[in-house]
Amino acid sequence: MKIIILGAGQVGASTAEVLSGEANDVTLVDIDANQLRQLQDRLDIRTVPGNAAYPDVLSRAGAEDADLLLAVTNSDEINMVACTVASALFDTPTKMARIRAQEYLAYREIFDGDAFPIDVLISPEQILTNHIMRLVEYPSAIQVLDFAGGRIQLAGVRAYEGGPMVGHPLSELKDHMPNVEARVAAIYRTDKVITPTARTVVKQKDEVFFVAARENLNDVISEMRNVDHSAKRVMLAGGGNIGFRLATNLERKGYSVKIIERNPACAEGVADRLDNTVVLLGDAADEELLKQENIDSMDVFCAVTNNDEANILSALLAKRLGAHRVMALINRAVYVELFEESDLDVVISPRLATVGSILAHIRRGDIVALHSLRGGRAEAIEAIAHGDQDSSRVVGRKVRDLPLPPGTVIGAILRGEEVLIAHKDTVVESEDHVILFVVDKKFIAEVERLFQVDVLYL
Amino acid sequence: MQYRVVMKIVGVLLVMFSTTLIPPVLLSYLYNDGASGPFIIAFFSTLLTGTVLWLFNNDVSQDMRYRDGFMVVVLFWTVLALYGAIPLYLVHKPLLSFTDAVFESMSGLTTTGATVLEGLDVLPESVRYYRQQLQWLGGMGIIVLAVAVMPMLGVGGMQLFRAETPGPMKDTKLTPRITETAKALWYIYLGLTVACALSYRLAGMSWFDAVAHSFSTVAIGGFSTHDASLGYFDSAAVDMVAIVFMLIAGVNFTLHFLAWQTKSLAAYAHDNEVVVFLVGTLAAAVFAIVMLGVYQAYSDPVDLIRQGLLQTVSIATTTGFTTGGYHWWPSFLPVFLLLLSFIGGCAGSTAGGIKVMRIVLLYRQWRREIVRLIHPNAMLPLKLGGKPVSDTVSNAVWGFFSLYMLSFAVLGVVMSATGEDWITAFSAVAACLNNLGPGLGDVAQNYSSVSTWGKWVLCFSMLLGRLELFTLLVLFSGAFWRS
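Those protein sequences? They're chains A and B, same order as listed. Numbers in the numbering used here are just positions in the first sequence, counted from 1, shifted up by 15. Numbers in the numbering used here are just positions in the second sequence, counted from 1, shifted up by 196.
Just so you know, nobody snuck in bad clues.
Using C-beta positions, here's what the derived DEER-type ranges look like:
#1 B:Gly387 - A:Gly24: 36 to 42 Å
#2 B:Gly582 - A:Glu79: 20 to 26 Å
#3 A:Gln53 - B:Ser431: 52 to 58 Å
#4 A:Glu461 - B:Ala462: 41 to 47 Å
#5 B:Leu278 - A:Val349: 38 to 44 Å
#6 B:Leu244 - A:Pro420: 35 to 41 Å
Hint data in this document are derived by calculation from the structure and do not stem from the laboratory. Here the structure is a predicted model, which means the values were calculated and not measured. Backbone N, C-alpha and C define an ideal beta-carbon position, used for all residues, glycine too.
So that you can see chain A by itself, here it is in the shape it has in the complex:
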C-alpha cells in the first residue's frame, strides 16, 4: 500500500515505523528536515521536507498514486487543507486527518461535503482518554480494550496469589463461574507467550489476556487476583489536553479529581473550565505538595504530562508516598519496556493506543476495531465475516476447522446484539463480528486474507 503521512511528530513517526515494518511504501512529509533525516536513517521510508498542504510538496511525496493520506501535523488547519488539496488534485482514495479543536468537531458536517473531504477523523487525545478511563474504571486490570461498541472487552490482568484460579488449570474456570463465560486468549509468562489450552495452569505474575462480555469482566478479573475496591479519588499530574479531557470525564462520572499543573496560565485555564476539580499549581514531583494533598489516600495517581521523565518520576514518587495505584504515560518505546516490571502499576503507551486506531483503517478486510498490544508485537482485531460458505473462508465453518495461523485465538463473536464467547464448535455466520487475538504480528496478513471475500464469487 502506498501511504503518505503528513507530520513527523509522535503519532506520525510511530505510525510510519509500524507501517513501514509491514512492507508498505511510506512517505513522510514534515517541515523539519532534520527530524526527517533522523527518521530516514532509522526507518525504510522516503521523506519529503516542506509544507504538507502545498500541492507540489504532496506531488513530490507521490500523491498521484497514493492509496492513503494520513494528515497528523500539529495544525488542524494544515491537515484539513492537505486533505482538500489531495482530494481536488490527486483524487486520493482515503484521507484521514487528526482534528483536535472541539470548535471544528462540534460541526461534523463540514467534513462530509466537498469542502473538507476527510474520510476518517482521528483524535489521538480522545482515544487515549478513553483508554485511561477504562483503566480507572477497572482498577485491577493492566489493559482494557473495547470491541463491538464496548459490549465485548479484552482485558489483561496480572495474576496474584489470592485469585481462585491461580495454581489451577484453565479447564476449571467453568466450574468456578458456572454462569459466566470467558475465553483466555493468551498468557504471558516472563515475556514468553503461552497459547492457552484447557490444561494450562495459571501461575503467579502471569499476564492473562481474556475476552468477556462487559458485564462479566469484573467476575473474571476476580478469579485471577484480589480485586481492588473501585476507585473514587483520582489525582492527575498534568493539566494539558489529556489531563483536561480526563478530568472532565471523571468529574461527570462522579469521581473526585485533583490536577497538579506547573504552568500558571495552563492551570488557570483548566480551573476555569472545570467545576468540581481541584486544580493545584505546582510540581507533580514535589514531595511536600503530594503529602499535603493526601496522596496516601488516593486510589489512582495518573501522570499525563508531555514529559516522559516527569511522568515516571512523579508516579514512582506517588507510589512511594502511598498512592494505591499509579499510572504513567510514556511515549518512548524503550522506557515502556524499562518500566513494565517496575513499581508503576500501569504503563500507558499513547503510541500503541493511537496507532491501533489508524491501523484499523489500513488493514485489508472489513476491520472495525484494532488494538496494538505488548509494544506492538501483538494485535487484537474485530473483523466482520462477509459472504457465504463458498466465497468466504470463515463463514459456515466451525471455529475448530478454521485455518488460523499459530498463536491466533478467536475470543468472541458478536452476532446481531448477542455476545457469544467462542467455543470449538461455534459456527461463524455471515455478518458476525469476530474478535481475534493475534500473538505475533507477522501472522496478521494471513488473518486479513482469511476475512477477505473472494472476489471471484461476488
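Fit chain B to the given chain A structure using the hints.
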C-alpha cells in the same frame, strides 16, 4: 564493531557473487575454449567461503550500525577483488601473476578499465567475457544489486547503499523503500545495457562483442575484447552508439528514473548538473576537434571529427575506450583530456571522477567569493536548481575536493618512488583514481610494464576513487576502531 554481523553480510554477498561465475562456465562450454576449470573452481571456492561465513553467523540478529556498513562495503569490495581474481590467476591463457590477476579484477570491478593484458583477441572467450562482466557488476554497484534482490538487508541496506553510491547528496530515495529504489536503479541499468547491446549489434558487431561492449559502455568501464579496443571495428556507427550510451550512462540515474516515470524529458532539462555535463562535454569535444584540425593531426576530416568526438567523450566520462589512443595527440591535448576525467560524470551515475555536481557547487562558491568582494554586505546563499544548498553539503564538497587532490598528489609521489617516470606515475594515478583506465607515457596502452608495488598502489587508487575516498578512508581513522 559487530564483527559477526559484518561477516554474515559479507558471506551473503559472496554467495550472491558466486552465481555470477556461472555464465563464464556456460560460455566456456559453448565455445569449447577449455577454460571452464578455473571458473568452476572459483565458483565453488567463493560459494563455500560465503556459505561458511553466512551459516556460522546466521544466528546474529543485531541491526547493522553506521560503522558496520562502511566495514561491509570496504571489506566486500576488497574480498570481491580477490575472489574475482581467482579465475584470472588459475587460467592458463593468459598466465598472470597473483598481482596482475588482482589488478585486472580490481580494475574491472571499479570500472577503471586499466589492463595488464596484451593479446586480448586470442584469449579464451570465457575470460574475455568475464572481464566485461566484472565491469558491469561494478558499474551500478554490486551492493546496490544485493540490496535490490535481498530484502534481508532491510534498513541496514540504506547504510550500504549510501556508502557505495557516488555523489554529494545521497539521501534522496527514488521510492519509499530501499529495496524498490535499488531495484529501480538496476532495471534502468539493465534496460540501458540491453538497448546498448542491440544497438551495437545493429551497428555491425557480433553478438558476443555487442554484449561484451555494452557491459563496459553502460558501466563506463572501458574494457574491450580486443587489443585495439573500439578501433578494432573501425566503424562510425559503432562509435556513435558508444558515444550516445557513454553520455546516457554518465547522467544521474535518478533522472532516468524520473523521466521513465513521468514519460517526459523535462526532468533532464530542469537539472543543472546534466545540462552542464552534456554541454560541457560536447564543448570540450568541439574544442578538441578544432585543435586537432589546427595541428593537422589527422589527414581525413571525417576521421578527425570521429576520433575527436569519441576520444573526448570516452575520456571525459571516464570510460577509457580508445580507438587510436589519445596519448600521441599534439601539444596540450593529452593532458587536457586527462584533466577532464577529473570532472567525470554526474553524481549517481556509473562514471568516476569528482562528479559534475561537486564541480558546479565549487564553481558557484568561487563565484560567490568574487561577488562578496564587490558587495561585502550581500547575503549570498549557495543554490542548486533554485534551492539553497545546506552548509553541510558545501563543506563536504570542499572536504572531498581537497582530499581528492591530496590523494592524487601523495599517490603520484608514491608511484614515482616505485620507479616510474613523472608522466607515467601521475597519469597512471589520475587514470586509476578517476576510474578512467588508459594513462599517458608507459601506461598509455596497458599497465604490464608497471612494477608489482606500483600495481598495488594503483589498486588502492582505483578502490579509493570508486568508493569516493571517505568510505575507504574512514577505516584508517582511529575513531572508527575505538568502540
